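S.K.: Next come the chains, spelled out residue by residue.
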Amino acid sequence: MNFQPVLPEIVIATAASLILLVDVWMPDEKRHVSYWLTQFALLIAACVTVRGMHDEIVHAFHNVMVADMVADVLRVFSFIALSLVLFYSRAYLAARGLFRGETFVLMLFALLGMQVLITANHFLTLYLGLELMSLSLYALVALQRDERVPSEAAMKYFVLGALASGILLYGMSMIYGATGTLQIDLVAQSLVGKGDNPVLLVFGLVFVVSAIAFKLGAVPYHMWVPDVYQGAPTAITLLIGTVPEFAAFAMLLRLLAGALGGAEMLLQWQGMLAILSLLSVTLGHVVAIAQTNLKRMLAYSTIANMGYVLMGFLGADVYGYTAAMFYILSYVMTSLVSFGMILLLSRDGFEADRIDDLKGLNQRSPWWAFIMLLAMFSLAGVPPTIGFYGKLLVLQSAIKVGYVWLAIVGVLAALIGAFYYLRIVKLMYFDDPVDRSPIEVRGDTQWLMSANGLALLLFGILPQLLMGLCAVALAQSAYF
Amino acid sequence: MTPYLSLAIWVPIVAGVAVLAIGRDRDAMTARWIALAGALAGFLVTIPLYTRFDLATSALQFVERRNWIPYFDIYYYVGVDGISVLFILLNSFITLLVVWAGWQAITVRVAQYMAAFLIMSGVINGAFAAQDAILFYVFFEAMLIPMYLIIGIWGGPNRVYAAVKFFLYTLLGSLLMLVAFIYLYQKSGSFALLDWYELPLTMKTQTLIFIAFFASFAVKVPMWPIHTWLPDAHPEAPTGGSVVLAAITLKIGAYGFVRFILPILPDACRSPQIAGFMITLSLIAVVYIGFVALAQTDMKRLIAYSSISHMGFVTLGFFLFSVQGMEGGLAQMVSHGFVSAALFLCVGVLYDRMHTHVIADFGGVANTMPKFAAFVMLFSMANAGLPGTSGFVGEFLVILAAVKLNFWIAFLAALSLILGAAYTLWMYKRVIYGGVGNAHVAALADLNRREFWLLGTLVAAVLLLGVWPKPFIDVMHVSVTDLLAHVARSKL
Numbered sequence: 001m002n003f004q005p006v007l008p009e010i011v012i013a014t015a016a017s018l019i020l021l022v023d024v025w026m027p028d029e030k031r032h033v034s035y036w037l038t039q040f041a042l043l044i045a046a047c048v049t050v051r052g053m054h055d056e057i058v059h060a061f062h063n064v065m066v067a068d069m070v071a072d073v074l075r076v077f078s079f080i081a082l083s084l085v086l087f088y089s090r091a092y093l094a095a096r097g098l099f100r101g102e103t104f105v106l107m108l109f110a111l112l113g114m115q116v117l118i119t120a121n122h123f124l125t126l127y128l129g130l131e132l133m134s135l136s137l138y139a140l141v142a143l144q145r146d147e148r149v150p151s152e153a154a155m156k157y158f159v160l161g162a163l164a165s166g167i168l169l170y171g172m173s174m175i176y177g178a179t180g181t182l183q184i185d186l187v188a189q190s191l192v193g194k195g196d197n198p199v200l201l202v203f204g205l206v207f208v209v210s211a212i213a214f215k216l217g218a219v220p221y222h223m224w225v226p227d228v229y230q231g232a233p234t235a236i237t238l239l240i241g242t243v244p245e246f247a248a249f250a251m252l253l254r255l256l257a258g259a260l261g262g263a264e265m266l267l268q269w270q271g272m273l274a275i276l277s278l279l280s281v282t283l284g285h286v287v288a289i290a291q292t293n294l295k296r297m298l299a300y301s302t303i304a305n306m307g308y309v310l311m312g313f314l315g316a317d318v319y320g321y322t323a324a325m326f327y328i329l330s331y332v333m334t335s336l337v338s339f340g341m342i343l344l345l346s347r348d349g350f351e352a353d354r355i356d357d358l359k360g361l362n363q364r365s366p367w368w369a370f371i372m373l374l375a376m377f378s379l380a381g382v383p384p385t386i387g388f389y390g391k392l393l394v395l396q397s398a399i400k401v402g403y404v405w406l407a408i409v410g411v412l413a414a415l416i417g418a419f420y421y422l423r424i425v426k427l428m429y430f431d432d433p434v435d436r437s438p439i440e441v442r443g444d445t446q447w448l449m450s451a452n453g454l455a456l457l458l459f460g461i462l463p464q465l466l467m468g469l470c471a472v473a474l475a476q477s478a479y480f
Numbered sequence: 001m002t003p004y005l006s007l008a009i010w011v012p013i014v015a016g017v018a019v020l021a022i023g024r025d026r027d028a029m030t031a032r033w034i035a036l037a038g039a040l041a042g043f044l045v046t047i048p049l050y051t052r053f054d055l056a057t058s059a060l061q062f063v064e065r066r067n068w069i070p071y072f073d074i075y076y077y078v079g080v081d082g083i084s085v086l087f088i089l090l091n092s093f094i095t096l097l098v099v100w101a102g103w104q105a106i107t108v109r110v111a112q113y114m115a116a117f118l119i120m121s122g123v124i125n126g127a128f129a130a131q132d133a134i135l136f137y138v139f140f141e142a143m144l145i146p147m148y149l150i151i152g153i154w155g156g157p158n159r160v161y162a163a164v165k166f167f168l169y170t171l172l173g174s175l176l177m178l179v180a181f182i183y184l185y186q187k188s189g190s191f192a193l194l195d196w197y198e199l200p201l202t203m204k205t206q207t208l209i210f211i212a213f214f215a216s217f218a219v220k221v222p223m224w225p226i227h228t229w230l231p232d233a234h235p236e237a238p239t240g241g242s243v244v245l246a247a248i249t250l251k252i253g254a255y256g257f258v259r260f261i262l263p264i265l266p267d268a269c270r271s272p273q274i275a276g277f278m279i280t281l282s283l284i285a286v287v288y289i290g291f292v293a294l295a296q297t298d299m300k301r302l303i304a305y306s307s308i309s310h311m312g313f314v315t316l317g318f319f320l321f322s323v324q325g326m327e328g329g330l331a332q333m334v335s336h337g338f339v340s341a342a343l344f345l346c347v348g349v350l351y352d353r354m355h356t357h358v359i360a361d362f363g364g365v366a367n368t369m370p371k372f373a374a375f376v377m378l379f380s381m382a383n384a385g386l387p388g389t390s391g392f393v394g395e396f397l398v399i400l401a402a403v404k405l406n407f408w409i410a411f412l413a414a415l416s417l418i419l420g421a422a423y424t425l426w427m428y429k430r431v432i433y434g435g436v437g438n439a440h441v442a443a444l445a446d447l448n449r450r451e452f453w454l455l456g457t458l459v460a461a462v463l464l465l466g467v468w469p470k471p472f473i474d475v476m477h478v479s480v481t482d483l484l485a486h487v488a489r490s491k492l
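Listed in order, the protein sequences are those of chains V and S. Residue numbers 1 to 480, in our numbering, belong to the letters of the first sequence in order. Residue numbers 1 to 492, in our numbering, belong to the letters of the second sequence in order.
The hints are simulated quantities; they were obtained by calculation from the structure and are not laboratory data. Fair warning: this is a prediction, and the values are worked out from it, not measured in the lab. Ideal Cβ positions, reconstructed from N, Cα and C, are used throughout, including at glycine. A few of these clues could be false.
No more than 20 Å apart at the CA atoms, straight line, and that leaves these computed lysine to aspartate or glutamate pairs for DMTMM-like [to be verified]: (1) K187/S - D317/V; (2) K400/V - D73/S; (3) K30/V - D146/V; (4) K156/V - D146/V; (5) K165/S - D431/V.
FRET-style restraints, in silico, Cβ to Cβ [said to hold, decoys possible]: (6) T107/S - D317/V: 49 to 59 Å; (7) R347/V - A37/S: 35 to 45 Å; (8) W405/V - G189/S: 53 to 63 Å; (9) A290/V - P225/S: 26 to 36 Å; (10) G189/S - D348/V: 53 to 63 Å.
Put together the whole structure using the sequences plus the hints.
M.R.: Dropping the structure here:
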């Protein structure tokens with residue numbers, strides 16, 4: 001039995017169990033031990049993944065898992081993102097009594113689910129990973145169990161998420177019916193040159209695409225996104241808005257590019273993604289304008305951004321997937337800053353989640369205002385920030401396969417989006433502060449957040465580093 | 001070989017970052033001096049671009065080409081020809097004046113103000129030097145960010161509306177242009193402009209791309225009827241912002257026509273529909289906007305409309321497809337850079353003293369500020385296109401070219417000489433002449449030494465270009481001739 005491909009998963013699973021045990025014996029003032037153990041586990045897992053980076057495709061456990069370079073890269077990104085989430089949210093969690101062992105353990109289990117999803121080579125493995133991730137996230141949203149709003153958000157998330165899982169299973173069962181296998185590479189093989197049962201396959205495909213769209217939060221499967229983002233504690237919003245995006249990309253890649261990437265199916269799902277993308281970019285951006293809650297606004301912005309990811313993905317070749325992956329990466333980097341800024345400005349009893357709470361930030365702290373400015377322009381896709389190259393890649397990918405109209409809608413929607421990102425900049429720079437209390441930030445958060453913000457600019461000036469990484473990783477993946 | 005162009009781009013940007021890093025709100029003087037040193041250094045490094053410029057060739061000079069994003073064949077590819085080099089010089093020169101002009105007027109967040117102008121100066125130089133479409137786009141868009149902040153933070157009462165309008169108008173155009181860029185990349189496999197010049201395109205494609213490019217550059221110029229952001233932005237912008245906006249950013253729009261639209265889409269441009277369309281819009285800008293300028297009650301709005309009218313001359317000159325027209329348009333761009341900068345600085349001088357730029361608030365300024373009145377007189381004459389000033393050269397050449405093509409076009413264009421004189425001199429009469437209008441005017445102090453030399457420098461530039469335009473025309477001549485030869489070739 002070859003355990004090497006799943007070593008990072010083993011590390012995380014062991015760490016999660018260990019922290020669960022250790023935490024029981026810890027008095028409340030020693031909670032930071034569990035916190036640092038979590039960070040340490042992430043570091044080890046990242047090191048293990050980087051050391052064992054696969055330049056060839058390795059299958060494991062009777063082909064139900066696959067380790068390729070894209071999986072390694074996505075896993076490393078997830079580790080880094082979760083680590084940053086923990087750093088940024090430490091003070092917030094502590095102030096709200098959420099700095100507890102179960103928070104860390106649930107986060108690690110969610111991460112484990114994402115890893116399994118990322119390395120899945122079998123419909124059931126993928127489903128298991130997805131469920132492990134989702135269940136942990138539902139519980140995390142409901143961590144403040146006595147508060148009304150988070151509980152409501154968790155309930156919505158759970159009910160709709162369960163529905164989506166059901167839809168996914170149903171779709172998979174139809175594909176199984178048409179091909180006789182659940183293993184992703186075998187599904188692809190059995191579809192080669194066989195258009196004999198398209199109705200059943202297309203039927204299954206519709207369900208699979210719907211489930212993926214739900215997980216991404218693409219319109220019209222987006223209903224849960226604003227409520228959950230707004231209702232969850234901000235630290236958990238930061239988590240949900242960032243780390244799982246990598247897993248969602250893996251899900252797109254494994255299911256659509258991997259299992260259903262053959263010529264017949266490809267044309268079918270390209271059209272579906274185009275419509276999802278069209279709806280997401282327009283509705284997401286337009287509705288975001290009307291929001292007064294920053295978390296809700298960023299939720300609609302996420303919906304719109306997922307539309308751009310789909311726009312890139314429908315390019316359906318290594319360039320298209322690279323575009324989508326790079327877009328996700330740039331989006332996660334930016335989201336870490338934008339949601340992180342809410343955490344940074346919040347304090348005990350003050351959430352800083354209304355748009356007006358950003359008023360006059362430039363006068364309170366020019367540095368944080370500048371970092372947030374970078375994040376906003378990156379989301380708006382204005383160079384020289386990384387967000388621009390994400391847009392460039394996905395537009396190129398759409399135009400290449402002939403979807404020029406979609407690209408034009410995409411840029412017009414981006415223009416609408418620019419309006420509300422500019423409004424944030426306006427509040428920070430042009431208005432006078434209402435609340436002049438000093439901003440206190442932990443030293444490590446300060447450094448990491450600054451580095452994270454400057455990275456938006458740095459990779460905006462030198463985007464090749466990340467673009468090249470995504471391209472190489474995808475070129476080495478199981479499907480090319 | 002010294003990378004002069006990179007220096008011209010990066011010296012101001014680095015200086016701007018340094019101002020941000022070192023400057024403190026309490027110690028504004030340090031920020032001012034660093035900014036001035038940075039602007040001066042930024043100007044000095046552009047001088048070799050002129051002195052070492054080879055007049056005999058239209059090929060790109062001072063070329064630097066490095067791999068930037070190999071994944072997409074995007075290069076850090078900069079170079080100048082006789083057309084773009086002038087604007088880099090103009091921009092670096094104007095930046096120096098702007099930093100100097102904001103010396104006393106700006107008292108809040110001085111470091112951020114100075115840094116915004118320096119960074120913008122470098123970015124604008126980048127846009128003029130870029131020979132790779134994506135590099136151009138990055139610079140083209142990046143200049144929106146500092147301008148947005150300049151209008152929004154240091155602007156007048158309605159600044160937020162103006163800043164957002166400015167940003168969104170410009171962004172709309174440039175996003176459509178981005179789609180066109182990607183399409184051209186798809187066709188040619190390269191983002192280098194020189195490759196696109198040779199790329200064959202069908203008439204239909206050329207027309208569609210023309211629409212996308214037009215949306216981007218016509219908004220920037222701005223051409224009627226998408227000019228409405230400019231009169232809103234100017235009165236709200238601080239003096240320095242108005243100067244850069246009028247003197248430089250408008251030129252990037254017109255430059256886009258020369259660098260992108262004409263050579264990439266020659267057949268579409270020469271087609272009677274599009275050429276006619278462009279000439280019509282230009283004439284509407286010249287005549288109709290000239291009348292609109294007459295009706296203004298605010299000095300900055302008046303100069304803004306006058307800018308639109310003058311830029312109409314530029315686009316008119318480009319679409320006459322003759323050497324005179326093209327050179328006239330370019331000379332008009334350079335001249336307008338100096339004259340509009342000077343006029344906005346003059347308004348700034350008054351604004352610093354009285355905090356208004358409404359015409360009716362003044363009257364008889366000549367009584368209390370005689371030196372100032374003399375300067376404004378000269379710049380007003382230049383704005384009206386008086387022979388001997390820079391304003392005359394461009395307008396004369398364009399009208400000359402127009403006469404050869406069609407008498408009525410020339411006739412309408414020549415109306416601008418009358419209209420320009422009317423609105424400028426009438427404004428001059430109402431503000432400067434007459435009895436002292438009110439107690440505020442009576443209390444005005446004449447120019448101080450800094451202001452005197454600031455405006456004096458511009459007087460020299462305006463007169464030099466008016467009396468002896470040869471050095472400017474020589475620089476652009478070969479490039480213009482070759483550009484027109486290129487446009488005359490079909491790419492179908």
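S.K.: Next, verify each hint and record whether it holds.
M.R.: Hint by hint, here is what the structure shows:
1. K187/S - D317/V: holds (18 Å)
2. K400/V - D73/S: holds (16 Å)
3. K30/V - D146/V: It is violated: about 24 Å lies between the C-alpha atoms, which goes past 20 Å.
4. K156/V - D146/V: holds (16 Å)
5. K165/S - D431/V: Holds, at about 17 Å.
6. T107/S - D317/V: 49 to 59 Å: Taking Cβ atoms as reference, T107/S and D317/V lie about 57 Å apart, which means the hint holds.
7. R347/V - A37/S: 35 to 45 Å: This hint holds: roughly 41 Å between Cβ atoms.
8. W405/V - G189/S: 53 to 63 Å: violated (23 Å)
9. A290/V - P225/S: 26 to 36 Å: holds (30 Å)
10. G189/S - D348/V: 53 to 63 Å: holds (58 Å)
Hint compliance for this structure: hints 3 and 8 are not met, and every other hint is.
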